[in-house]
Amino acid sequence: MERRIRLVLAALAVRLAIAPFFMHSGDLGTIYESSRIVLSGGNVYNFVYQQTLLMQHASGLPVFFEGYAYHPLLIYLFVPFYWLFTLVAGPSLVIIGGHAPSLPVLIYPWALLAIFMLKIPIVIADVAVVYVLARLDFRKAEIYAFCPYVIFISVVWGMFDAIVAIFLLLSYLTFSKQSYFLAGLTYGVSLVKLYTAVLAPLYVYRLLGRWKELGEFLLGFSFTLIPVAYYFIVSPSAFWNVVVVFQGLRVMGGVNLYNFIWNVPDVIFDVLLSTVASAATIIGVAYVILKYGRRLPLLEAVLAVMLMSFLFGKIMNEQFLVAIFPLILLCKKCDYRLWAAPFIFIFLRSAFYYFAIPILWASPYFYDLYFQADIVWRQIQTAGYLMVPVYATGIAFSLLILWNLLQLLKPIRSWEDISLSRTFSRVVRTRRK
Amino acid sequence: MKLRRLTTFFVLYVVALSFIPLIHQTFIAQSRWLGYGLGAYAFQSPSYFVLFNDPYDGSSKPNIHINPSLVPNERISLIEFSDWTSYVNGYNLFNDFNVSIGTSPKALDVTYTGHGLVIHKFVEVPTRDYVSVKIVANKEIAVHIEMWKWVFTSVNGVNVTTAPKPTVLPISQNLDLTFLDQSSGVTGSGSVKMSRVPSQIEVWPFENGFNRITVDYVNSEMEFAVSGSVGSNQQPFPTWNYTDLPYVLPIVAIAAVCLYLLLVEKHGKKNKARSRRSRS
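Quick mapping for you: the protein sequence lines, in order, are chains V and L. Going by the numbering used here, the first residue of the first sequence is number 1, and it counts up by one from there. Going by the numbering used here, the first residue of the second sequence is number 1, and it counts up by one from there.
Isolated chain L (complex conformation) (with noise of 0.2 angstroms):
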């Protein structure tokens, strides 16, 4: 009777513990900075999923993501800052200084030291509408930073048949996207807002657009407010995601539960008879 009892407790207990990805991801994981992994970062708001990479890996400085209204689960790359590429001073972001990472709630600061430096690159999303990547540093820094996707269709109207070279584009504090995301096939449109004015604009062709952006300047902050949306008529169909594993766990585990009871019931019918014509 005692060991049944602990049969039921754990597939109770199975049970209960595969609802914890459901539970984290629906009340916990929300609008919160989340650390995982060997240091990567994520944060999941209603629009975006902003995503920072470990500090072993240059690439997704943040990596911005949209989360198309009617498949929340999807999430469609909108831009994608690179350490690999962006300089400060001739140094590289990624190799050539020690990073460390801290978090408030809200924002993400990441603190780039080295050569007498000292820059906080701030990952915020303060509003549902945009997503905030600031650069302060102690002092004025020469900065260029790359910011990548497969593929930008336009950049402030210019498109890869007026531009098929890399080209440099005229001064603006803001920059007008509309993009083909090749992994998924959606369309949409987007907008990075500088907060101060850049020194140089440039589009690098890639395919069918761009997938490059860099912009330079000189000064000791920047702020990249980063917004987007896909087209209205160009949701995505909804298909197997990885994130859509929380809501199959619970099934899987289920299933098993319920197929060990059976076999186990068989199993111990099977063993009583033969035990029974043991006796006779």
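Bound-form chain V, shown alone (with noise of 0.2 angstroms):
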């Protein structure tokens, strides 16, 4: 057999074996309830929005309900999965709440078929990932497919990040094969979590000027659109809401240096503080696509844009590197152990027990096990205990971040490279002659 394909298939039957045991269940119960009102034909943005309002009527202050706020394409990768598992278990709820601060209920056994359906879609992007990088090298998809990290945030946490990781590098690899309608279509499915975003004026920079080749890009990348424009017609004010009033007032916060902000108990001025971030983040990657948006190879160019954003953005999620991990791995100047950061901090910021509530639920022993610990975590946590590592790991990892970034950014200096990049000029030369 094949190597990458034992590489494919091992990596495979690590992630199948955990997939049903464990969950973040605020995370996966979205995509659970998701499918469910997308099986059933109602409008999943409705719901949150509706839930939203209530929140924000009983407590006065501009809070939302965490549901589904994302690109209406992701849900359409989950549902089939879903309707697979009605077909066998029916339609009945087999998941009940689990949006914070409420723990779920499980129905057993088919809540562990439920999750491990669910996971399907996440599985069969990381897998694809492993696959596309094994062909390009096979040491870093080794790496991909056994790092702690990503396996952890894609069957353990079952957090979808491996589907932004495959499409967008996907797009980087249709972009430098110059096939720019598929760059324009995988690059518009990367954005189901919209992070992506800050990469489309790259995309259109770079080929500013070559206008038959902008526009195959833009006809790729507006077939993504139509779910969203087919939103915007049926529910404008839920979708508007959902997507981009919640993203554009959420309070910042997470692996980055913005996380004293949870030490700050007040919502309206921690909003209001989020926009400095915003702020920075546009100038910030405004000032990356200016500079060194043609001068820098595709893949750094790429890199660059989403360190910058990760570097200033107000929200820097657990599972936000996932996504950039492949192309970190390609890249020769970035250092891929940047993984451990938000790896450690999964574990400063969630008790580990909660990732394993399906097993924990499933008897009464484990289940008393769960409170128990729960109250000594939450003994150290109201302490203020956590919050110190918290915000050290943060400002660490923000730190990481700077130095890959200045790696990309950084003249070239040594003798060798700069022979290699005078040889590499004289090629070029050559070559348009």
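Please note that the accuracy of each hint is not assured.
Said to hold, decoys possible - If you want a taste of the chain L side facing chain V, the calculated C-beta under 8 angstroms gives, among others:
#1 Y56
#2 G58
#3 L249
Worth flagging that the hints you see were computed from the coordinates, not collected in a lab. Yeah, the Cβ is synthetic: ideal placement off N, Cα and C, and Gly gets one too.
The two chains are supplied separately, each in an independent frame; assemble them into the complex guided by the hints.
Following this line, the structure appears as structure tokens:
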């Protein structure tokens, strides 16, 4: 058997073995709930908007229901697998509740099957990344296949950033091979999580003046906007509020320098301060695109823009790095060990046993253990002991991002680099002639 | 050179932002109702910290804490009103009413609607001496209010030795309390003055004191004026507290960026030496 296939099968086996037994009940519960709504013909944005209005009415604060606030394409990647699940288990609820602060009720054994089925698109995306990477660099594919951070995010947490990763990787590869229609199409799908939106100006900027290529790119991209247009027409205010207003008014934080905000209990102030971070991101990204967007090779330009947006961006969740991890692996200037910081952060922010709810809820003994452990965890949390390592990890990760960004932006200095770049320029000049 | 400028800017940005919690706590958070989380509210006055929990939790509605004068960052819970265990006309305040919250700079206005009733709970810190919890309804109501603390050592002179079982106290508009805070070991005293005459006051024993006082009344309006202090020789020893974090975060930020700059400097020197060696 070809070694690439062997690697893919090994990566698949590891993921499938873990998938049914773990989940982040808030995030996987959102995908389950949204799949149910869409399959029954409902409008998921209306549902989330109603919940938000109820919360805002009850609290008098600009708080939001943290439900499905993604690109509409995403849910259609999960619905077929949820539909297959209902063919076996029927349409009854098997994961009930689970949005913070409440804990879910799981109906066994079907809950495990539902968790497994909803993770299949994520596993496919992960394995596809391994397959594509193995063609380019087998060693890097091995790193991705067995990286604890990637495995944790995809099949323990159940977060779908691997879907962003595969489509971002494909958009980079197709753009490099001058298949601009496919580049636009795959980039459009990578927007299922909106943080890759910062790359749109980069792609457009690199194609400015080459109008045919730009047209092809935008045509491919526009296909992915069809569901967006549909929801904008069907439920404009719900879609606008759930996707745009929610993202715009989200309070900053995550594995970044802004997580001190969790120590400032004042929503209005936090939202206002978050606009500083948004402004810094816009300025930083614009600077990188205008100054380096055309000068750097595509891979480095894409990474520079993404790293700049992670550096100043107001939200940097633990899983975001997965999206650019394959590109980081391909780039010789970046240090892929960057993943350690968000991986550590996961265990500082969330209790490790929280991800094991599907196992712990299976027996009253384990169920009881969960709450005993939770008392200790909450005591540590409310005493503020965790906030210091949380903040330190956030800053450390930001500084690591800065270091990697500077490696990308650094002018070529060393003798070997200069001679290599001269040789390269000579080759290019000769070819042009 | 420009990249060095980016590093300098970023380092200053990190350090400057790390002072935000301290600036907020010192200049913005005092004597104002601040909403946070899923809809909880907090008010910090010079003497009291008042917490009103979010709409998904029936406890701490409100929870009134004392700030000891010598250790202002410590918060000693004085008394907690609970919606979980309080009733109006037999309906539970937490489960059987729709709740919405509004604020003015000084007062928190919590509105309970349902069963033909509109009830407002106003929580206010009018002076530095007391916290007011006022319940106003659109008609006369029969109310059962529960106030919790682990533990009250005496209520109106009655202690657990004289009342080892749930005991109805003589009707009074004042509740004079002494307490032992079980988590900090601090003792203190307080009082709850009621604006109307209640129909019943009962205390409920728990371990070495009472953990619950229930007050029943029939009226359309009632104000509870809560005040308290910790014993003068009972100031808690300053220990690590969540509210100390704003002082620690700038230290963490400065330490982290210094470490980064040192490592980058070292790494840069190593790289330069390597490239010089390779040229020669």
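Against the structure, the hints come out as follows:
1. Y56: holds, 6 angstroms
2. G58: violated, 13 angstroms
3. L249: Constraint on L249 (chain L) satisfied, holds at 5 angstroms.
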